[in-house]
Amino acid sequence: MATSITPDHRDPNAALPPASYTSEILELFLGPLIRLGDGQMLDVGPVCEENIMFFASRLRRHYVCDMFLRLIREQSVARHSRNAWRHLDYPARFFDGIHLWDLCDHLDDKKVSQLVELCLSMLQPGGLLMLTAFEKPSPSARVNSFIIKPDYRMRFRVQPHLNLSWHCRHNRALISILTGFSIVKSLRYRNGIREILLKKPLSIS
Amino acid sequence: MLGKSKKNESGKVVSPDRPAESKGTAFISSSTAREEKTIIGEHIFIEGSIRGEENLEIEGSMKGSIDLGKHNFRVGPNGQVEGEINARNVSVSGEFKGNIKSHEKVEVTREADFYGEIKANSISIEDGAYIKGVIELDREPNRKSSGAQKPIATAAPETGKAPGATSPGDKKET
Chain A
1 MATSITPDHR DPNAALPPAS YTSEILELFL GPLIRLGDGQ MLDVGPVCEE NIMFFASRLR
61 RHYVCDMFLR LIREQSVARH SRNAWRHLDY PARFFDGIHL WDLCDHLDDK KVSQLVELCL
121 SMLQPGGLLM LTAFEKPSPS ARVNSFIIKP DYRMRFRVQP HLNLSWHCRH NRALISILTG
181 FSIVKSLRYR NGIREILLKK PLSIS
Chain B
1 MLGKSKKNES GKVVSPDRPA ESKGTAFISS STAREEKTII GEHIFIEGSI RGEENLEIEG
61 SMKGSIDLGK HNFRVGPNGQ VEGEINARNV SVSGEFKGNI KSHEKVEVTR EADFYGEIKA
121 NSISIEDGAY IKGVIELDRE PNRKSSGAQK PIATAAPETG KAPGATSPGD KKET
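Protein chains in written order, with our numbering: chain A, 1 to 205; chain B, 1 to 174.
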């Protein structure tokens, strides 16, 4: 069960943005895709030039579909957002890896379940899913984009135009939604960032 | 722009006095200086192919292919382009659907609505750009290996410490 915080009800005493950190999980996630040579990866945003350059210079073809902006757009055109997942209309078993940066933090449990199911479908058997989640909201619950440095050092940049609510989930609640995947590795950093590397079982086609 | 003419950087008038529609192949003038730019006005709709030897900016609508070789192409904030682009530098600020092949750089601004494929040497994308696409950067042989400078011992280890870890105490396994 998630607790929702909207940007309009921000905690003035909220913690400062998390300091930079080195992402061990990202390296574990990307390594196998690089070694594949023609590994195909999907990043669902937020759009960030540095990251596109980072991934695209390491992978032959880098797929980007900014779901943050799509969720914002859906909200602006309809009171109840339509099925934003229609934008992720990629074929089944298409990707070797999917990168979900902080997206689940801005979705309710039902939508996270839908997204996880979709990721399971889009990944090849054995494909990897990297999920990042904040343990507590960044100031004003705003979305940060992450900037990856060549040494896998991660920094943050606030995206004020991405005005999405934030859903607080404890570790157990988060992991319980990730059904269908097997957990490869899960880390929690001191700055409150949680990274989980998941694998689609080979038994699921 | 309806009833108005636009001038390019060297003062060349490029937009007609009234809306126009074109089908077939439009050839952009090649008799001008290198810095010249042709602007297709926002009330112009072109369907077909364009080949040219100068820079081109589209503020109107275009469906088809554009081949500018060593010259630059821009989709202006009001522009709507669907098709194949081949140019030196490409900048998208309007709506674009299709494939871009750039010999140098592709720029996608925050006003852009981009759907398609980009092949380029480098790319510049502003935060807030609405993108769904595939990015393929030209990679030199030594550039390809740069991403694999620190090979990982196992593809997906169940346990154990991975390379490139942060300093002790920076994280804990959950």
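These are calculated hints, taken from the structure and not from any lab test.
Keep in mind it's a predicted model, so treat the numbers as computed, not measured.
The beta-carbon is built from N, C-alpha and C at its ideal position, and this holds for glycine as well.
Just to be clear, a hint being listed does not mean it is correct.
As the list claims (entries may be wrong) - Pairs of lysine-lysine residues, derived as PhoX-like cross-links and limited to a Cα-Cα distance of at most 25 Å, are as follows: (1) B:Lys63 with B:Lys97; (2) B:Lys63 with A:Lys149; (3) B:Lys63 with B:Lys132; (4) A:Lys136 with A:Lys149; (5) A:Lys110 with B:Lys132; (6) B:Lys105 with B:Lys63; (7) B:Lys97 with A:Lys149; (8) A:Lys149 with B:Lys132; (9) B:Lys119 with B:Lys105; (10) B:Lys132 with B:Lys119; (11) B:Lys132 with A:Lys111; (12) B:Lys119 with B:Lys97; (13) A:Lys136 with A:Lys111; (14) B:Lys101 with B:Lys63; (15) B:Lys132 with B:Lys97.
What the hints assert, rightly or not - Some but not every residue of chain B turned toward chain A, in silico, with C-beta under 10 Å: (16) His71; (17) Ile118; (18) Ser124; (19) Ile125; (20) Glu126; (21) Asp127; (22) Ile131; (23) Val134; (24) Ile135; (25) Glu136; (26) Leu137; (27) Arg139.
Stated by the list, open to error - FRET-style restraints, in silico, Cβ to Cβ: (28) B:Tyr115 with A:Gln75: 14 to 24 Å; (29) A:Ala173 with B:Glu82: 37 to 47 Å; (30) A:Lys110 with B:Lys97: 51 to 61 Å.
Okay, the hints, checked on the actual structure:
no.: 1; hint: B:Lys63 with B:Lys97; result: holds, 9 Å
no.: 2; hint: B:Lys63 with A:Lys149; result: violated, 38 Å
no.: 3; hint: B:Lys63 with B:Lys132; result: holds, 19 Å
no.: 4; hint: A:Lys136 with A:Lys149; result: holds, 24 Å
no.: 5; hint: A:Lys110 with B:Lys132; result: holds, 24 Å
no.: 6; hint: B:Lys105 with B:Lys63; result: holds, 22 Å
no.: 7; hint: B:Lys97 with A:Lys149; result: violated, 30 Å
no.: 8; hint: A:Lys149 with B:Lys132; result: holds, 23 Å
no.: 9; hint: B:Lys119 with B:Lys105; result: holds, 9 Å
no.: 10; hint: B:Lys132 with B:Lys119; result: holds, 14 Å
no.: 11; hint: B:Lys132 with A:Lys111; result: holds, 20 Å
no.: 12; hint: B:Lys119 with B:Lys97; result: holds, 14 Å
no.: 13; hint: A:Lys136 with A:Lys111; result: holds, 20 Å
no.: 14; hint: B:Lys101 with B:Lys63; result: holds, 16 Å
no.: 15; hint: B:Lys132 with B:Lys97; result: holds, 10 Å
no.: 16; hint: His71; result: violated, 24 Å
no.: 17; hint: Ile118; result: holds, 9 Å
no.: 18; hint: Ser124; result: holds, 6 Å
no.: 19; hint: Ile125; result: holds, 4 Å
no.: 20; hint: Glu126; result: holds, 7 Å
no.: 21; hint: Asp127; result: holds, 6 Å
no.: 22; hint: Ile131; result: holds, 5 Å
no.: 23; hint: Val134; result: holds, 5 Å
no.: 24; hint: Ile135; result: holds, 4 Å
no.: 25; hint: Glu136; result: holds, 5 Å
no.: 26; hint: Leu137; result: holds, 5 Å
no.: 27; hint: Arg139; result: holds, 7 Å
no.: 28; hint: B:Tyr115 with A:Gln75: 14 to 24 Å; result: holds, 20 Å
no.: 29; hint: A:Ala173 with B:Glu82: 37 to 47 Å; result: holds, 44 Å
no.: 30; hint: A:Lys110 with B:Lys97: 51 to 61 Å; result: violated, 31 Å
Checked against the numbered hints listed earlier, the structure breaks hints 2, 7, 16 and 30; every other hint is satisfied.
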